[in-house]
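**Q** Single-letter residue listing:
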Amino acid sequence: MTRRLLPYPLLVLLLWGMWLLLQQSVRPGQLLLGLVVAFLAGHAMAALRVPRPKLRRLWKTLELFWLVTVDILHSNVAVATLILFRRHRAETSAFLLMPLKLRDRNGLAVLACILTAAPGTAWLEYNPTTGMVLVHVFDLVDEKQWIERIRHRYERLLLEIFQ
Amino acid sequence: MISDVDIPVAVAVLVAACVLFGAFLTMVGCLGLARLRSFYLRIHAPTLGTSFGVLFILAGSVLFFTVSGGRIAVHEVLIMVFVSMTTPVTLMLLARAALYRDRAARSEELPLWARNPSQAGAAVVDVVSAASETESRS
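Protein chains in written order, with our numbering: chain A, 1 to 163; chain B, 164 to 301.
Warning: the hint list may mix true and false statements.
So the derived label-pair ranges between C-beta atoms look like this [claimed, not checked]: (1) A:55 - B:243: 13 to 23 Å; (2) B:275 - A:35: 52 to 62 Å; (3) B:256 - A:103: 20 to 30 Å; (4) B:197 - A:156: 36 to 46 Å; (5) A:24 - B:276: 29 to 39 Å; (6) A:142 - B:187: 23 to 33 Å; (7) B:229 - A:48: 31 to 41 Å; (8) A:67 - B:263: 27 to 37 Å; (9) B:187 - A:152: 24 to 34 Å; (10) A:31 - B:271: 20 to 30 Å; (11) B:245 - A:25: 13 to 23 Å.
Reference listing, derived: stretches of chain A covered by chain B, where coverage requires no fewer than 3 residues with Cβ under 8 Å from a Cβ of chain B [stated by the list, open to error]: (12) 12-25; (13) 78-86; (14) 125-137.
Just so you know, the hints here were simulated from the structure itself, not pulled from any lab data.
What you are looking at is a predicted structure, and each value in this text was computed from that prediction instead of being measured.
Note that the Cβ used here is the ideal one computed from N, Cα and C, for glycine as well.
Let the sequences and hints guide you as you build the complete structure.
**A** Here it is, written out as structure tokens:
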């Protein structure tokens, strides 16, 4: 019953929050209007029949968010230094192919966005039959270290949240 | 309009520092985009501007409008959310297009093992098994 009335509760909640932030107000009129818009958007999403992601251990997203922020900061400093001060750059950048245990589509989407958003790495291609992902790394010194890092820092948490 | 607002000097300095540092990071990203050699290298550079470049500029904006407006301005968070969600999608699309083109042209940009999607995998099995060995040991 609740599922038919509110197919994507988290999405509706976030859209409502977004509406209020955009309007910069919590007046009753905006609260109501935002709720109506978010509710309708939830049903529009239901009409698309997107499978509902099963999120578990939501508090882990905070840990993931923090990890990603810190890593992106490090990555920013590293890549900016390389662009500004190093002459021979092409040698250390390389393609990296690694297997993933993560199979959930939403989890993979999040991992792809994390890796591409960090200046040091870019997600190129994922093969769903082999579970292999092709990543381009800006400054690849130690292949094993990068694989370990992606596995232990991001994939471990994403597995806990999405699978 | 800007001349009307009155904010403490210390805050003004902090706002200026945030905006300038954000602009600097974005500029380094643009520099990389213009100067790096291959497409796969260039794809890394603009994310400087879209991650911490935009974060610092937005931090300056939040600080300025919170102090001068007398109320907490936080809707900049939305800009951060939108930018950090949309940029990777665009970059991945571009990267996949480049990969597709380079494979079709058998380009030197790609290492031999990555030129054919079906063969990619065989050449790196040693790296992968080495990595899982260290994993099982730890």
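**Q** Against the earlier hints, flag every one the structure doesn't satisfy and list their numbers going up.
**A** The structure breaks hints 5, 10; every other hint is satisfied.
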